[in-house]
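Chains as they are written, first to last, in this note's numbering: chain A, 424 to 855; chain B, 37 to 244.
These aren't lab readings, by the way, just hints derived from the structure by calculation. A virtual CB, placed ideally from N, CA and C, is assigned to each residue, including glycine. Hints may contain errors.
[As the list claims (entries may be wrong)] According to the in silico footprint, chain B covers these stretches of chain A (three or more CB under 8 Å from chain B):
(1) 432-440
(2) 548-555
(3) 578-588
(4) 594-608
(5) 673-682
(6) 743-752
[Claimed, not checked] If you want the ones that stay clear, here's a sample from chain B, every Cβ over 10 Å from chain A, calculated:
(7) W40
(8) E43
(9) R45
(10) E46
(11) D73
(12) T77
(13) P92
(14) R107
(15) D130
(16) E136
(17) G140
(18) H143
(19) E186
(20) S193
(21) V198
(22) N206
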Amino acid sequence: MTSYPRVVTKRMEEHPDDSHTIKRYQATGGYKQARRAVRMTREDLVGLVEGSRLLGRGGAAFPAGLKWSFLAPGRPSYLVVNADESEPGTFKDRQLLERDPHQLVEGVIITAVANEVHHAFIYIRGEYAKPARRVQKAVDEAYRERFLGKGIFGSKYDLEVTVHLGAGAYICGEETALINSLEGLRGEPRLKPPYFPAAMGLYNQPTIVNNVETLSNLPHILEGGVDEYKGLGHDVDTGTFLFSVSGHIRKPGNYELPHGITWRELIFDVAGGLREGRQLKTWIPGGASAPWFVPDDHLELPITKDDTAKAGSMLGSGAVVVMDDSTCVVRAAERIVRFFSDESCGQCTPCREGTTWLEMILRRIETGQGRDVDIDLLLDVSDNISVGLAWPPKMTTICPLGPSAVSPIISITKYFKGEIQAHIQRGVCPLA
Amino acid sequence: MSRWRQETRERARQIMARYPQKRSAVMPLLYLAMAEDGYLTEEGMAEVAELVGITPAQVLAAASFYTMYKREPVGRYLITCCTSISCMLLGADDVLHALEDAAGVPHGETDAEGVISVEHAECIGACGGAPALQVNYELIESITPDKARELVQWLRSAHPEVVGTDELQNLFGGSPSFDWAIREDFGAIGPYPAFSPLGTAAPVGGEE
Ligand SMILES: Cc1cc2nc3c(=O)[nH]c(=O)nc-3n(C[C@H](O)[C@H](O)[C@H](O)COP(=O)(O)O)c2cc1C
Ligand code: SF4
Ligand code: FES
Numbered sequence: 424m425t426s427y428p429r430v431v432t433k434r435m436e437e438h439p440d441d442s443h444t445i446k447r448y449q450a451t452g453g454y455k456q457a458r459r460a461v462r463m464t465r466e467d468l469v470g471l472v473e474g475s476r477l478l479g480r481g482g483a484a485f486p487a488g489l490k491w492s493f494l495a496p497g498r499p500s501y502l503v504v505n506a507d508e509s510e511p512g513t514f515k516d517r518q519l520l521e522r523d524p525h526q527l528v529e530g531v532i533i534t535a536v537a538n539e540v541h542h543a544f545i546y547i548r549g550e551y552a553k554p555a556r557r558v559q560k561a562v563d564e565a566y567r568e569r570f571l572g573k574g575i576f577g578s579k580y581d582l583e584v585t586v587h588l589g590a591g592a593y594i595c596g597e598e599t600a601l602i603n604s605l606e607g608l609r610g611e612p613r614l615k616p617p618y619f620p621a622a623m624g625l626y627n628q629p630t631i632v633n634n635v636e637t638l639s640n641l642p643h644i645l646e647g648g649v650d651e652y653k654g655l656g657h658d659v660d661t662g663t664f665l666f667s668v669s670g671h672i673r674k675p676g677n678y679e680l681p682h683g684i685t686w687r688e689l690i691f692d693v694a695g696g697l698r699e700g701r702q703l704k705t706w707i708p709g710g711a712s713a714p715w716f717v718p719d720d721h722l723e724l725p726i727t728k729d730d731t732a733k734a735g736s737m738l739g740s741g742a743v744v745v746m747d748d749s750t751c752v753v754r755a756a757e758r759i760v761r762f763f764s765d766e767s768c769g770q771c772t773p774c775r776e777g778t779t780w781l782e783m784i785l786r787r788i789e790t791g792q793g794r795d796v797d798i799d800l801l802l803d804v805s806d807n808i809s810v811g812l813a814w815p816p817k818m819t820t821i822c823p824l825g826p827s828a829v830s831p832i833i834s835i836t837k838y839f840k841g842e843i844q845a846h847i848q849r850g851v852c853p854l855a
Numbered sequence: 037m038s039r040w041r042q043e044t045r046e047r048a049r050q051i052m053a054r055y056p057q058k059r060s061a062v063m064p065l066l067y068l069a070m071a072e073d074g075y076l077t078e079e080g081m082a083e084v085a086e087l088v089g090i091t092p093a094q095v096l097a098a099a100s101f102y103t104m105y106k107r108e109p110v111g112r113y114l115i116t117c118c119t120s121i122s123c124m125l126l127g128a129d130d131v132l133h134a135l136e137d138a139a140g141v142p143h144g145e146t147d148a149e150g151v152i153s154v155e156h157a158e159c160i161g162a163c164g165g166a167p168a169l170q171v172n173y174e175l176i177e178s179i180t181p182d183k184a185r186e187l188v189q190w191l192r193s194a195h196p197e198v199v200g201t202d203e204l205q206n207l208f209g210g211s212p213s214f215d216w217a218i219r220e221d222f223g224a225i226g227p228y229p230a231f232s233p234l235g236t237a238a239p240v241g242g243e244e
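Whenever a hint applies, use it, and build me the whole structure from the sequences.
Okay, structure coming up:
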């Protein structure tokens with residue numbers, strides 16, 4: 424198998440026993456870039472990150488440097504690290520949090536300095552107790568070394584970091600919901616505009632929200648420089664990308680890869696292919712919100728943001744869920760729709776009602792109570808949630824959660840209509 | 037007058053000091069209230085309201101939004117079984133049934149002895165080690181229905197003071213999402229996350 428250069432998972436690969444300790448972190452060059460950053464200007468740092476074309480790894484692939492350049496002049500400003508990772512199929516941030524927490528802390532320092540932030544929050548989903556303990560320990564160690572706190576690295580710069588635990592709500596991953604949650608409110612997304620928390624966020628102050636993996640890249644961008652970082656990637660997709668591969672696959676796991684390899688390479692070479700005697704049926708290329716791919720149309724497609732978008736889907740947060748020929752697509756779609764229905768915050772009628780309906784119709788087909796009109800009904804309800812069933816979806820709601828629930832419906836009706844019809848007509852799963 | 041122990045009140049003060057505005061401490065204080073009473077009681081929420089200076093109704097509005105704040109008593113060991121897509125594909129529904137069967141209660145409920153609660157949940161970020169579950173938010177990856185039954189028996193007979201993820205994984209787990217590499221020093225003491233600022237992380241025994 425080809426080996427690919429590692430950036431954010433390099434230390435844990437080379438030093439598995441202690442990659443999480445400050446000792447190992449510093450012995451491998453850690454905190455040198457944060458120390459340097461404290462002596463750099465905001466313009467230089469934002470310019471560097473813009474130059475690297477680092478794209479957000481939380482799902483929307485928004486350019487990090489551009490986001491930072493939007494920061495409104497109001498002060499104080501805040502930084503919130505999004506470690507709420509909860510989209511089914513995604514488990515990459517967990518590995519970064521557990522295995523290399525200092526890399527994140529260093530990324531936090533760099534980002535804080537670049538955005539003149541003096542208080543940063545790391546919002547970790549409540550179920551990630553062990554990752555949160557590792558991060559808190561790293562933060563405590565950094566305070567002890569005076570890399571955090573008053574006058575960091577012997578400068579006049581003060582930086583406080585608070586590790587905050589969520590309490591079981593996927594929607595808090597949406598950045599404005601995350602901010603509400605951090606204010607002690609219900610974790611409901613805020614109405615837009617303002618479109619960016621950088622204009623108005625936590626306590627109505629300018630706020631930068633970035634994903635764990637995004638920030639974990641920063642020490643490396645500063646260390647290697649913009650050109651080296653761009654060289655690791657493929658065209659506009661600079662750097663590496665962490666894929667979480669799960670489902671019916673021989674070697675599930677997180678894989679740090681450059682863009683541009685094909686789906687065939689990822690599924691069959693990198694992740695070991697399917698289990699004995701099984702065929703690939705379909706896969707989700709970028710998390711529960713993404714429309715699915717099928718072997719006939721997509722296996723040779725290069726994995727890039729553009730190619731994926733052109734084919735009507737997205738890489739999202741990098742979750743690849745593989746399904747083999749034993750999979751009942753009705754059941755799989757039901758499970759994904761149930762997720763969105765469970766996690767809808769309920770503010771918008773199309774999302775709240777629509778996801779409940781979709782779940783009910785799918786369940787009724789699955790349990791043999793389906794009716795001939797159900798396929799049309801599924802599409803009808805979907806159209807009410809996301810008008811025209813376009814990609815990217817049209818928004819009828821405050822946040823993209825509602826429209827995301829339509830992706831599995833579009834996928835199964837497009838590629839597996841016959842199977843759904845057979846399911847309805849026979850009253851049992853045709854694979855059973 | 038506060039019902040909370042001096043120690044808990046001191047802890048609450050430290051937690052509030054971590055935030056620029058007191059109200060931001062609502063979430064950690066709700067965990068503290070759970071740790072104090074075993075679950076989130078009316079009194080606990082009133083205490084939180086008073087500490088941060090909002091009404092009990094505002095605290096309830098926030099608390100009721102999040103699934104990890106349990107407003108009914110739960111067992112000493114809360115077993116949370118993921119049934120989202122990646123786990124479902126690899127047999128999570130059978131694991132959930134095995135748990136319900138061994139515990140003698142349907143999911144969402146607690147056994148008569150108050151020892152074990154079973155619930156199902158959406159993705160817990162362990163999809164590469166599917167099917168996965170947590171005991172008091174300490175993880176087991178690649179569990180089987182048989183191992184799930186054994187887990188319930190073991191919790192009932194061994195009654196561990198501190199639930200440690202490595203012990204659970206060694207006894208009941210299979211291949212993980214990624215190499216865990218290093219043993220974890222701390223574990224959970226109740227059905228809420230073990231996290232040092234909350235005072236809920238206890239050392240796991242026997243190793244040092
Ligand atoms: C429903 C929903 C859930 C989200 N969940 C997460 C999440 O768990 N982690 C994350 O980093 N971003 C998540 N996002 C994206 C965030 O809103 C935000 O774009 C991101 O944290 C910005 O960081 P980045 O630019 O570094 O990617 C979610 C968005 C939506 C609409
Ligand atoms: S789309 Fe759904 S989750 Fe998003 S704000 Fe509206 S109701 Fe809440
Ligand atoms: S789907 Fe079960 S842990 Fe993610």
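Evaluation of the provided hints:
1. 432-440: holds (count 3)
2. 548-555: Satisfied; 7 residues make the cut.
3. 578-588: Holds: 4 residues of the region 578-588 of chain A have a Cβ under 8 Å from chain B.
4. 594-608: It holds, with 5 qualifying residues against the three required.
5. 673-682: With 3 residues closer than 8 Å to chain B, the region 673-682 of chain A meets the three-residue bar; holds.
6. 743-752: holds (count 3)
7. W40: 19 Å, holds
8. E43: 20 Å, holds
9. R45: 19 Å, holds
10. E46: The assertion about E46 (chain B) holds, with a minimum of 18 Å to chain A.
11. D73: Its Cβ never comes within 10 Å of chain A, the nearest being 16 Å, so this holds.
12. T77: 16 Å, holds
13. P92: Since the minimum Cβ distance to chain A is about 14 Å, P92 (chain B) lies beyond 10 Å and the statement holds.
14. R107: 12 Å, holds
15. D130: Its Cβ never comes within 10 Å of chain A, the nearest being 14 Å, so this holds.
16. E136: 18 Å, holds
17. G140: 25 Å, holds
18. H143: H143 (chain B) clear of chain A: closest Cβ-Cβ about 13 Å, beyond 10 Å.
19. E186: 22 Å, holds
20. S193: 24 Å, holds
21. V198: Answer for V198 (chain B): holds, closest chain A Cβ roughly 12 Å.
22. N206: Per Cβ check, N206 (chain B) is outside 10 Å of chain A; nearest 15 Å; holds.
Against the hints set out earlier in the document, no violation occurs for any number.
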